[in-house]
Amino acid sequence: MKQRGRGIACMWYPIGFTVLANPSAAVVKVNEDGTATVLTGTVETGQGSLTVLGQIAAQELGIATDDIKMVSADTDTTPMDTGAIASRTTYVTGNAILLAATNAKEILFEVAAPLLGVRPDQLEAMDRKIQVKGFPQKYLPIGEVAHQAQFVKGRPALGSASYNPPTVAMDPETGQGKPFSTYVYATQVAEVEVDDETGEVEVLRIVAAHDCGTPINPTLVEGQVEGGISMGVGLALQEEILFDDDGKQINPNLTNYIMPTSLDMPDVEVEIVKNFDPTGPFGAKGVGEPTSVPTAACIMNAIYDAVGVRVTDLPATAEKVLKLIKEKKAAEQKQISA
Amino acid sequence: MMIDVKMTVNGQERTASVAPETTLLTFLRDSLVLTGSKLGCDVGDCGACTVIVNGNAVNSCLMLAVQADGKDITTIEGLSDFEHLHPLQAVFEQMSSFQCGFCAPGMIISAKHLLDKNPHPSKGEVQEALSGNLCRCTGYTKIVDAILELTSEEASAA
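Chains A and B are the protein sequences, given in the same order.
If you're matching positions, the first sequence starts at 3 in our numbering and goes up one per residue.
If you're matching positions, the second sequence starts at 1126 in our numbering and goes up one per residue.
Simulated from the structure, these hints should not be mistaken for laboratory data.
Do not take every clue at face value.
Stated by the list, open to error - The calculated SDA-like cross-link candidates involving lysine to any residue, where the alpha carbons are at most 20 Å apart (straight line), are: (1) A:K180 - A:F19; (2) B:K1248 - A:V209; (3) B:K1248 - A:E271; (4) B:K1248 - A:D266; (5) B:K1248 - A:V272; (6) B:K1248 - A:F19; (7) B:K1248 - A:D269; (8) B:K1248 - A:E204.
Kindly produce the complete structure, drawing on both the sequences and the hints.
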């Protein structure tokens, strides 16, 4: 008979490691046509980080994301980046780009201030304009200011910066220190159906609530969470590298290394828990790896809720689950007869 | 030994002389330079090479070019022109369905094949139709959602 169960799992995950140097750097150049060019060493692999980083630069310069040209991942032209690893790009590279954009913006403010008859600190960048705070009718188009900076003042609107999460070394006496810059939190709930005659587990639904600070691009955050859950489902129920006695992998291709297909995916509901981290760019932290951390745990808890067995060796294949169910029934039988 | 083949690819008649062991995928990619169809696993597991042959979605890595002789082939390049995206491509773009994109050509072809046969599929039918196309990034969620979005739009427009 098919038994239903629900399980919950929570996690925290560190963002911006500080044990080793972990820098990102960026160059932001505001062009005379009002666009901006961002040089970053980080790599886009489809997660959408260049979109998010472009949004960060655009927000700081008061222009549209479409006005940003991202130049990435070429060590001949861009600063070196620690890498698209450790769920660090939005946070660490984002902070570097934000600082570089701020530096370029300050030059624009210094150039625009005398032209608008105010001090630089009375200016703001918004709607492709450098305008006086509180008097938005008093403005210069950002491209015009960049032109003035380049050709009249001889001070091109160029900013460069780096960001390295602040380090607190471990105290050898107390063991205390600060190994990571900030943390994200998440809870996932799984609903499963376990066939107690075959041991087969089907994940019906997963609800995932994730804190990533400010979700700079909520659609991309959802995409990361959905993808992470599919990897977590694979870890929980299907994926395993098998070796023979000589240490040779016996399932080295996708015919027998079984990963989730569209038919294995549960209904996924993503809840982004909005939060603001004062150390992140516009309050953002990260979302990549944390998405698959609680998935297998909540599925195992749901299996326990459904049929009362604890799977401690992943993946929870039908064979393993059925063996545990039989052992449990045998133990119960023994208790009754004893 | 070379064998002459003649087939229609994306509406154009193409002829070539191929080695008998040449797969349809290798022929499309190397001889016709239609590199949209991807070489993933090369053993028919991943679906990145999916094309439509006489109305059937096939893994082009598992079919020989000579087997496609005289047949009608549609690849990802045949879905759009420089001016217009295919409605499936447009809805996938709009809903940010793909991430790294490697599975996308095969996924889009499988989705087109489904909608050609069944314009108003259920969610289960969509999942079934895409089950031969592996994706490691997206969890398939926004891909399935986009296809259902497109078919419900068309239903409400009709």
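Now for the hints, and whether the structure bears them out:
no. : hint             : verdict
1   : A:K180 - A:F19   : holds (9 Å)
2   : B:K1248 - A:V209 : holds (19 Å)
3   : B:K1248 - A:E271 : holds (16 Å)
4   : B:K1248 - A:D266 : holds (13 Å)
5   : B:K1248 - A:V272 : holds (18 Å)
6   : B:K1248 - A:F19  : violated (41 Å)
7   : B:K1248 - A:D269 : holds (11 Å)
8   : B:K1248 - A:E204 : holds (17 Å)
Checked against the numbered hints above, the structure violates only hint 6.
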